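The residues making up each chain are set out below.
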Amino acid sequence: MFGLTPSDWEALRLTLRLALISTALLLVLCLPLAWWLAHTQRRVKVVVEALVSLPLVLPPTVIGFYLLILLGPRGAVGGTLERLGANHLAFTFTGLVIGSMIYSLPFVVQPMQNAFQAMGRRPLEVAATLRAGPLDRLVSVVLPLSRQGLLTAAVLSFAHTLGEFGVLLMIGGGIPGQTQVASIAIYSHVEAMDYASAHRLSLFLMLAAFLLLVCVYALNKRFKIVGMTP
Amino acid sequence: MPHLLKRLLAGMTSFALTLTVAQADQTTARIAAAASLRPAMDELVADYRSSHPGARLEAVYGSSGSFRTQIENGAPFDLFFSADMDFPQALEAAGHAAGEAVPYAEGRLVLWSGGDDASTLTLQSLTAERFRRIAIANPRHAPYGARAEEALRSSGLWDALEPKLVFAENIGQALQMVHSGAADVGILALAQMHGLSLEGAAFQVIDADLHQPLENGYIITRRGAENPAARGFAAFVQSPEAQRILENYGFSIPRSH
Chain W
1 MFGLTPSDWE ALRLTLRLAL ISTALLLVLC LPLAWWLAHT QRRVKVVVEA
51 LVSLPLVLPP TVIGFYLLIL LGPRGAVGGT LERLGANHLA FTFTGLVIGS
101 MIYSLPFVVQ PMQNAFQAMG RRPLEVAATL RAGPLDRLVS VVLPLSRQGL
151 LTAAVLSFAH TLGEFGVLLM IGGGIPGQTQ VASIAIYSHV EAMDYASAHR
201 LSLFLMLAAF LLLVCVYALN KRFKIVGMTP
Chain U
231 MPHLLKRLLA GMTSFALTLT VAQADQTTAR IAAAASLRPA MDELVADYRS
281 SHPGARLEAV YGSSGSFRTQ IENGAPFDLF FSADMDFPQA LEAAGHAAGE
331 AVPYAEGRLV LWSGGDDAST LTLQSLTAER FRRIAIANPR HAPYGARAEE
381 ALRSSGLWDA LEPKLVFAEN IGQALQMVHS GAADVGILAL AQMHGLSLEG
431 AAFQVIDADL HQPLENGYII TRRGAENPAA RGFAAFVQSP EAQRILENYG
481 FSIPRSH
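Residue numbers (my numbering), protein chains in the order written: chain W, 1 to 230; chain U, 231 to 487.
Careful, some of the hints might be misleading.
What the hints assert, rightly or not - With the Cβ distance kept under 10 Å, some of the chain U side facing chain W (calculated, not the full set):
| id | residue |
| --- | --- |
| 1 | S293 |
| 2 | R298 |
| 3 | A398 |
| 4 | G411 |
Said to hold, decoys possible - In silico negatives: residues of chain U with every beta carbon more than 10 Å from chain W:
| id | residue |
| --- | --- |
| 5 | D277 |
| 6 | A324 |
| 7 | L426 |
| 8 | A432 |
| 9 | Q468 |
Don't read these hints as lab results, they were simulated from the structure. Nothing here was measured: the structure is a model prediction, and the numbers come from that model. Think of the CB as a built atom: it goes at the ideal place given N, C-alpha and C, for glycine as much as any other residue.
Full structure from sequences and hints, please.
So this is what it looks like as structure tokens:
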């Protein structure tokens, strides 16, 4: 189909899986962090904010380089896993998920934090006086009111992971079916001067990304997903 | 007063003359060189500069494949030192070279491990369970990767080792994978061992009969045809002195020479 080889399809499936998993995990894990950042008065906040934004500034090769060391058998994460009898995470799909999550972190935390700040404390206080418990307050007040920020975070993280390249190039190892995602497969086609294959896969990815964004903006028109205005 | 003027004029003329002479000698030759050649090329350039103080050389390092594409599209390089023979020959065939592609060095494959003393290793020992990940350059487009695959195939080990292989985009990244410990062992380039052997790291050279030769070739580009510095440096690379430098950095002198 579309002139793509089975290994191209495999790379596309892997990309989709990577984007879905890392986006889902990021949304869950960043919720408390963004909440804390939106409401804390502590001085350490600026340091945490700077750390969260670091992936925006650093070249992907820097992140990839440190991740390779960190996740490898001699790194803090990989080494601990090895001592526990498990395998280190370099060149694994799990490693790619961790890499994507770090790379997309600011794209999730920042819209969430903005949404929580815009919402303010008032709705929660009102809900609390009506005897809503903490979970109830989260589900029936916080999440619906910050829907726009949450959806923006999800869309940005997903789109960012689809196009990710540098980090995955460093920690992936290009193993077909395990770590060779679409962007790496395209790069490999280009380097091997197989321009026809590179064109087909690139065109497919471009169309898919375009359709995705059309859907997002169509939804946006009705539900206001992307945009800074509250 | 006229006397002084005359002397001043004469002085200015001779100064201008020196300038033009120096200018003629000072055309910059821009060299595109394969990243794997870096330490050796740095020394070659420094050596040439010290014997030709007027010559201006500028080396840019990158992937041979990218340089090929760039030169095809008119990139301002006077010399191209590739990590293989195919790219310079392709450029020559397409009319982008001022002469024919010349082999200048031959690379060798080595086994190197961050954790193990690799001097006792053979390709066969890579089947051992403690070697979980083996890094090689991508055989689809990196010459060292293609030769590594040939060596594994001709030793009959490819099928057994393929599930353990991880593919780096080039030989430099493969070294980094092993150096960080993420890959347990790698099939790398002897030329990369220069810096590492200073750290006392031991490696094992792989039998060159197991694969096609890793011939590296260069061309003078059409742009560099009239550049004296480019021509001078190209001639220098063929000299015994330059070949000795290349050998120091782990290259052999091409057999076809």
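TODO: Identify every previously stated hint that the structure contradicts and give their numbers, smallest first.
DONE: Hint check: nothing fails, all pass.
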